[in-house]
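Q: Sequence:
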Amino acid sequence: MPPDHPAREIAHSWQHHLSKDRRRSAHTVRAYAATAHRLIAFLGRHLGTAVDGGALGRLQPADLRAFLTTRRMEGLGNSSAARELSAVRGFLAFAASERGDQTAIPRLKGPKRPRSVPRPISPDEAFSLAGEAGEEAVHEWIAARDFAVLLLLYGSGLRVAEALGLTGGALPLGDAIAVLGKRNKTRIVPLLPLVRDAIERYIALCPYPMTKDQPLFRGARGGPLNGELIRRVVRKARATLGLSDRTTPHALRHSFATHLLGRGADLRSLQELLGHASLSSTQIYTAVDAAHLLDVYRNAHPRA
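Residue numbers (my numbering): 21 to 324.
Source of the hints: derived by calculation from the structure; they are not laboratory data. The hints are all genuine.
Using 30 angstroms as the maximum straight-line C-alpha spacing, the simulated BS3-like pairs for lysine-lysine come out as follows:
| hint | residue 1 | residue 2 |
| --- | --- | --- |
| 1 | 202 | 232 |
| 2 | 40 | 205 |
| 3 | 40 | 232 |
| 4 | 202 | 40 |
Bear in mind that the values here come from a model prediction, so they are computed numbers and not experimental data.
Construct all of the structure, not just a fragment, from the sequences and the given hints.
A: Shown next as C-alpha cells:
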C-alpha cells in the first residue's frame with residue numbers, strides 16, 4: 021500500500037502488534053488492519069490533508085460518525101458496523117499510545133446488534149447428520165473422515181478451524197485431546213469413546229501417513245482439509261435429512277454446549293471447554309437452553 025499518509029506506518033505497526041503481541045487470529049488481524057487503512061483513506065478525503073498521528077489524535081465523534089455513515093452506505097450491516105467501530109477504537113487507542121498521548125478516544129455509540137440465539141439440534145440429528153455426510157464420498161476413508169470430524173465437533177464442542185488444526189501430534193488418542201483455539205490458547209477437551217473410535221477408524225483407513233507435523237484430517241490429495249468442504253458436505257446432508265438451514269458445522273458446537281448445560285454443567289466449566297475468553301460469551305447458552313425448553317413445552321403441552 022503506497023505511503024500516501026504517514027498514518028499508514030502506524031497501521032502497519034498496529035497490525036504487527038495484533039499478530040505478535042496480542043496473538044490475534046490471522047483473520048482478525050487482516051480485518052482490523054483493513055479497517056485502519058480504510059479509515060486513513062477516508063480521513064484523507066474527509067479532512068483534505070495528509071493523515072498523520074496528530075490528525076488521528078484530533079478526531080471528533082462527528083468524524084467517526086461520517087466514516088461509519090460512508091461504510092453503511094456501502095452496504096455494511098449492523099453487526100459488521102459494530103465490528104468496524106471496535107477496530108477503529110482499537111487502532112486509535114494504539115495510535116495514541118504510540119504518541120504517548122493520553123487523549124480520550126472519541127466516544128461514539130455503536131449500532132445495535134441483534135443477539136441471535138443459536139438453535140441446537142438433537143443428539144439423534146447430530147448422529148444422523150454425521151452418518152449422512154459420508155454417503156456421497158468416493159472413498160471409504162473420506163466417508164470415515166467426514167463422520168469423524170462432525171462427531172468431534174458435536175462430541176467435544178470444537179470449532180471447525182480447531183478440529184482441522186489438529187495434527188498427528190495428537191496421537192495416540194486418549195480420554196482427552198489438546199486443542200489450539202483462538203489467540204493461540206491451548207485447552208484440554210474430553211474425547212468420548214464413540215468419537216475416539218470414529219477418529220481411529222478414519223486413521224486406519226487413511227492412505228496418508230500420520231506424522232506429528234502433518235494435519236490429522238487430510239484432503240483427498242493429502243493436504244490440509246478445507247473447512248469449506250465440511251460445510252458443503254453438511255449442506256447436502258441436511259437437505260437430504262430435511263434439517264433446518266441453521267444446521268451448520270458450528271451448530272454442532274452450539275448443541276454440545278446446550279446439551280451439557282441442560283445436563284447441569286456450570287457456566288465456568290462450559291467456558292473452559294468452549295475456549296471462550298469471557299463468561300459473557302458463554303452466557304448466551306442460558307438463553308439457548310431456555311429457548312429449547314420452551315420449544316419442547318410448546319410442542320408437548322396441549323394448551324401451550
